[in-house]
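*Asks:* Produce the complete structure using the sequences and hints provided.
There are 2 protein chains.
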Amino acid sequence: MDYMQEALDQAYLAQQHDEVPVGAVIVHNHTIIARSYNLVETTANPLAHAEILAIEQACVKLKTSRLLDCDLYITLEPCTMCAGAIAHARLRRIYFGAFDPKSGAIDHGVRFFNQPTCMHHPEIYGGLREQECQHLLQSFFMSKRCKF
Amino acid sequence: MDYMQEALDQAYLAQQHDEVPVGAVIVHNHTIIARSYNLVETTANPLAHAEILAIEQACVKLKTSRLLDCDLYITLEPCTMCAGAIAHARLRRIYFGAFDPKSGAIDHGVRFFNQPTCMHHPEIYGGLREQECQHLLQSFFMSKRCKF
Numbered sequence: 004m005d006y007m008q009e010a011l012d013q014a015y016l017a018q019q020h021d022e023v024p025v026g027a028v029i030v031h032n033h034t035i036i037a038r039s040y041n042l043v044e045t046t047a048n049p050l051a052h053a054e055i056l057a058i059e060q061a062c063v064k065l066k067t068s069r070l071l072d073c074d075l076y077i078t079l080e081p082c083t084m085c086a087g088a089i090a091h092a093r094l095r096r097i098y099f100g101a102f103d104p105k106s107g108a109i110d111h112g113v114r115f116f117n118q119p120t121c122m123h124h125p126e127i128y129g130g131l132r133e134q135e136c137q138h139l140l141q142s143f144f145m146s147k148r149c150k151f
Numbered sequence: 004m005d006y007m008q009e010a011l012d013q014a015y016l017a018q019q020h021d022e023v024p025v026g027a028v029i030v031h032n033h034t035i036i037a038r039s040y041n042l043v044e045t046t047a048n049p050l051a052h053a054e055i056l057a058i059e060q061a062c063v064k065l066k067t068s069r070l071l072d073c074d075l076y077i078t079l080e081p082c083t084m085c086a087g088a089i090a091h092a093r094l095r096r097i098y099f100g101a102f103d104p105k106s107g108a109i110d111h112g113v114r115f116f117n118q119p120t121c122m123h124h125p126e127i128y129g130g131l132r133e134q135e136c137q138h139l140l141q142s143f144f145m146s147k148r149c150k151f
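Chains as they are written, first to last, in our numbering: chain A, 4 to 151; chain B, 4 to 151.
Careful: at least some of the hints might be erroneous.
When chains are identical, the list treats them as one kind, so a pair holds in a single copy or across two.
[Claimed, not checked] Below, simulated BS3-like cross-link-like pairs (lysine-lysine); rule was C-alpha separation at most 30 Å, straight line:
{"no.": "1", "residue 1": "LYS147", "residue 2": "LYS105"}
{"no.": "2", "residue 1": "LYS66", "residue 2": "LYS105"}
{"no.": "3", "residue 1": "LYS64", "residue 2": "LYS147"}
{"no.": "4", "residue 1": "LYS147", "residue 2": "LYS66"}
Derived by calculation from the structure, the hints in this document are not laboratory data.
*Replies:* Here it is as structure tokens:
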């Protein structure tokens, strides 16, 4: 199964709900155990990023606070909050789509997993389906600029 | 009202529930609108830090995703995840108790609010009731070491 496509499908759902189009899935034993998309506006919760919601879903599903054998697929490079959350959840691998020079915290900004105080080091693969993930975000922001 | 005492009261509640004793309150117009303590073990949710729970409560209370006129009192220096969450929530002031050289992200680690990619800069005051906040944490970890 193409897990990044599943994450992209979630991002398209976000777009349909007029949310910044970012989607996530978490995979455990070749099965998707959590799917989510950014819900910041809908829920008026500034912390309702796709990664946060997916991690919380996966923990409920597996009845654990440690997602040691789980992999996260996310359409955008995680921000500082989400990078910290990934470390707390002990995710095994992170696959992300578009790079985010402005708010990303893996290859940009605080580069959290390269910091000596970071005690968890998932395998990280950036740039999967990068163009499609990025195009979706660019189209969204372009449409907003036209609207206002 | 001594808001850090209120945060400490939350931390003592955490201790009673066998959670790492960290407590938080959020204040708006001289009124406490959110109180919480660390619930990571109780909820099996690795993201259930006191700050995260308090921010989510406050957003529900004020029906907004931006806590522009709100101040957070927290007994321990926020971690990377919580520092990112504080920026997303646009909190006005942060008062914290104990410093956390291991996992803190304000005066240690990623020093998030000093990073050029951080777009929100709350006023920050560290070390309020530092000794009591720190003693509570040290006693907790000491008791754990004796138990195991």
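*Asks:* For each hint, tell me whether it holds in the structure or not.
*Replies:* Hints, verified against the model:
1. LYS147 with LYS105: within (18 Å within a copy, 41 Å between copies)
2. LYS66 with LYS105: The answer is between: 27 Å across copies meets 30 Å, while 35 Å in one copy does not.
3. LYS64 with LYS147: between (36 Å within a copy, 28 Å between copies)
4. LYS147 with LYS66: The answer is between: 23 Å across copies meets 30 Å, while 40 Å in one copy does not.
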